[in-house]
Amino acid sequence: MTVTKGSTDVEKTELVTLTIDDIEVSVPKGTLVIRAAERVGIAIPRFCDHPLLAPVGACRQCLVEVAMPDRDGNLKTMMGPPGRVKPQASCTLVASDGMVVRTQVSSPVADKAQQGQMEFLLINHPLDCPMCDKGGECPLQNQAMTNGRGESRYTETKRTYPKPINISAQVLLDRERCILCARCTRFADQIAGDPFIELVERGALQQVGIYEREPFESYFAGNTIQICPVGALTSASYRFRSRPFDLVSAPSVAEHDACGAAIRVDHRRGQVMRRLSGNDPEVNEEWITDKDRFAFGYAVQQDRLTHPQVRDEETGDLRVASWPEALMVAARGLQRASADGGVGVLTGGRLTVEDAYAYSKFARIVLGTNDVDFRARPHTAEEEQFLASSVAGTALGVTYADLERPSAVLLVAFEPEDEAGNVFLRLRKASRERTRVYSVAPFTSRGLHKMAGTLLRAAPGEEVAVVETLADDGDLALDAGGVILVGERAATTPGLLAAVAAVAATTGARLAWVPRRAGDRGALEAGCLPTLLPGGRPVAEAAARVDIGAVWGRTVPAHPGRDAAAIVAAAAAGELGGLLVAGVDPVDLPDPAAARLALDTAGFVVSLELRASEVTERADVVLPVAAPVEKAGSFVSWEGRLRPFEKVMRDSHALPDLRVLAGIADEAGVDLGFRTTEQARAELAEIGRWDGERVEVPRVPSGDAGRGARAPQGEGLETESASRERDHGSLRGSQARTSVQVEARKLAPQPAGELRLATWKQMIGDGRMLDGDVYLRATGRPPVVLLSSGTLAGLGIAAGSIVTLHGPSGSTTLPVAVADLPDGVVWTPTTSETAGWVRSSAGPVVRLEIPEGAGA
Amino acid sequence: MVDALTPVLSAHWDSDRPWTLESYEATGGYSALTTAFALSQDDVISMVKDSGLRGRGGAGFPTGMKWGFIPQGPEKDGTVKPHYLVVNADESEPGTCKDIPLMMATPHTLVEGVILTCYAIRANHAFIYVRGEVLQVVRRLQRAVQEAYLAGHLGTDIHGSGFDLDVTVHAGAGAYICGEETALLDSLEGRRGQPRLRPPFPAVAGLYAAPTVINNVESIASVPCIVRNGADWFASMGTEKSKGMTLYSLSGHVARPGQLEAPLGITLRQLLDLAGGVREGHQLKFWTPGGSSTPILTDEHLDVPLDYEGVGAAGSMLGTKALQIFDDTTCVVRAVLRWTEFYKHESCGKCTPCREGTWWLVQTLSRLEQGRGEESDLEALLDQCDNILGRSFCALADGAVSPITSSIQYFRQEYVDHLENGGCPFDPARSTLFAPAEALA
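Line order of the protein sequences matches chains A and B.
If you use the numbering used here, the first sequence corresponds to residues 11 to 866, in order.
If you use the numbering used here, the second sequence corresponds to residues -7 to 433, in order.
Source of the hints: derived by calculation from the structure; they are not laboratory data.
Just to be clear, a hint being listed does not mean it is correct.
Claimed, not checked - Not everything, but these chain B residues come out facing chain A in the computed CB check (under 7 angstroms): (1) D224; (2) W225; (3) W352; (4) Q355.
Just so we're clear, the structure is a prediction, and the values are computed from it rather than from any experiment.
Every residue, glycine too, gets a C-beta built ideally from N, C-alpha and C.
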């Protein structure tokens, strides 16, 4: 998978050869001397240098002696002022042919220069290492030991400042510890695009500052704490909590979005103390979102479920039960319900792929049903078809690396900064080079602005019409070098996924689907859909069922199941005998009220959960399961990349979902076939990806409607998968053929006072995964109601006024701000108050009410 | 003796209202435009190259050569970037006082130089970055530019040549670092003034990432006389490698301080004679050849030719030719401490040696001035200087250590005296310019 499209992309790396401390090394042209030295194992001390930030040469710690050949080939040491060797900053100097570098290892001049800089850095640095968070893992401390003088000659007065100041609710700054390397300010500017911190003042009083009344609000602020080479930046949640040398570190994968970011979990005595970004150049580089970094307290809240519970038949209350009893009650109840109309399985989007596979298999072989759906959000049959045709079982598609290269990236129903932070960072990186970003969205979000992106404005419901024009858009000029990223919210607009697939097919642009939750893609691969079996196998295909049946040793039900909305509806109507629910909150489902009713009506409800929820209240059996740090597993990133992780909390006895399901299956007299994550992973790997005929891409209604429902052999089947291999497994749109006709909805004119709603969840919202992390939550963007200036003027109110939105269920009262929305459209973030307003169709109509006295 | 002077830039400073366009044109001002527009741009560059004019801002880089570095023609990708001329009028060096009097007296000399330079380097927009504290200069320049526009010397199709030029006068906000050319560019672009990483050099990617020439006021103001009188005329003045005339500013303990315009290579002895000598009844103790950033010299150096090479050979730098004269009433430790405090205050904070080093130097020097310390502290002080000189991001810190190292070189015993005396052996009042005559007797 190393060769990309065609030979034109294979870049020949030109090398230059230089000598560092008498060791010859060849490095690609353009390499900095400090990196070249790393290649031969020479560590030049440094502070401001960071491989992912532009060189700045500020700290002067990495000075080395350099000689270069002149025009006649005579080696000349770089001098200046006259008669003095002038050591060069190796972090800004580009290696060139014939260069001779002497570092502190072999040059007394370089060594003295470095020691001199270290001494300068320490004169104003407090000696509070014993109480500093960074003490023990501090680059200044470490390098002062390796490259500094033994004792300071400084006997004068140190610069002092009042102790820490908040630069955001989460990030604290100790100015006296700061060595002014500008890593944090450069990160904020160059990587995150949130330049809310900047160096102010000058000389030794230079310091990191924030703007008046503008705190350092960034979804990525925590990275500055991690790259701070001293203890100047600390987090409110970790400050003074532990010593680095008391922590046990374990690599893991972040569970908050579909990015699959590598993280490091530091824990002590069974408690997670902090999380850091891992270093995975192919995925998240060295950056994670603040949610990935700081949101881990949710797993240790008071409402964490610790024991199995069953509902007492006499009192009707839940009571603690033993595992054997609870498993037995669950098994019997499910068997009964299965016989009495069947059991629907809602798995949610947070499971590991192994756990999701366990549900997928459990539904089919224990419950004998295809009524299983992971989509705890608005969804459609069109989406199911799109996922089956273009996503499931396609392995590694568009990757992070691919996001750095394209000429143009088109975002549809996808707000990367809120919904996939690492995707946003890569796109921003690309946009700072040559990539142009376009977004089909209702307004220019802050994220789009930071990517210098172009808004293709679309009111809710009009996205299809906009997307349909894009194949011929000369400005966007989408071609095989372009990438389309479509978000899960596309499912709320009928016809949108079909239109996107059609644009991809016409232009040759590569297509990727980016869901919001960590477990979404894995659940899809595991077959947690009513029409899909593991590996992207269509339930409708007899060969696929035979495939799976052979591995499972069981007959796979052939009848396509109900999707999540249908399961809820059937349960609410009393058609289903029971529900098996994993980590799904009713407010996540398209219609929370219907979901509650379904849970109340269903004869038997089994809940596998971390923490008590609305489902717990209504469940007949509650089975506690392990949080991600308490189990091994894998997430599948939006790219289709398997992101396995090991159990961090080795001593935890919490059971992963798959082990609990295996227990229920045993009680039901069925062998699930595995009891451990490793066994489940091996079985899923053995099944592999579907190589048979794929479901067709959903199609937009057009003149050639009604053509063959199946792609002809050779064109659809073999060729398609072959081309997929060639194209790095991308989701390249194939011939647009369809079995489902979807109709783009025409928007009816709205009466006055009614507005069409556009909405998505902000990264830091009011979700339960943020419970316990008060500082993080305080850094979130306060919810607002966005309106166009025209709409605002029509309503006769000013920005900042408080208004109330009445939606299909309930209302929310928030301040108003202006955005470049189409007139008649309102945007507000999806919160627990507005959950359920968007169901399976886009742009529900909401009514805006101006409280007394708010008018202009 | 007055023959030694060659007033060119300052020739009309004593005219009636010399800053007006009328006065300037009456003495032949703006006539160089006609000469230049008859030549090709490259011929103007060659003329300045041949004249041997070197940058008057301190470093002495050949001006014509600097102009020649501007890439001509489209970029590799076919785009054509504009060229800019930026005039560094941020005169802030302690002791330096030549650009401000020039802009006060005859601002049109600078404006005419700007037009000629922009024509040569094919720039259609020039910026004059003036030190913000000298508001009267800013006003005078703004008026001169306005007059030039009204007279058709600026704007579109100047003198029917087809050449367009706009000039913007920009006032800085009072940071010494903004005299450093890349910090000046950052400041001009609206950022905090801090030096930029080079490469890319301003000639390739300067203001707004476009090819930019940055020259000192006096360098640009010297262009009209070269165009008017020819390169040979200019080169006939001065020494072999330092051609032409220049402004020397004498200040401090000198009878008649002020600007004296003379060919490069004149000596301090000659200049002092012209200025009436050192303050009456006193001897020259030390002096700076080019502002506080240049290592100090003593009365041994009275006959050093004041050109780039001569001063360099004496262990200092010609710099801005700001001759600050200190007589025997002056405490060198006190003078050096004041300068060092200036550098500490003006250090931009970007790099460690300058930021932390000047902070430390001030504290050490004040201690020594108060007579607290040991002679070994001098070695430590010199070692700090050694860790700063040539280790910093830009030349500000090099300038900061110059007075310290050179003063210890020439006046080590005076430092020791402070320590032995338990304080300064000098009466600071006697060194002031307003000290009563009887106090000096």
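Against the structure, the hints:
| no. | hint | result |
| --- | --- | --- |
| 1 | D224 | 32 angstroms, violated |
| 2 | W225 | 32 angstroms, violated |
| 3 | W352 | 6 angstroms, holds |
| 4 | Q355 | 4 angstroms, holds |
In this structure, the hints that do not hold are numbers 1 and 2, in rising order.
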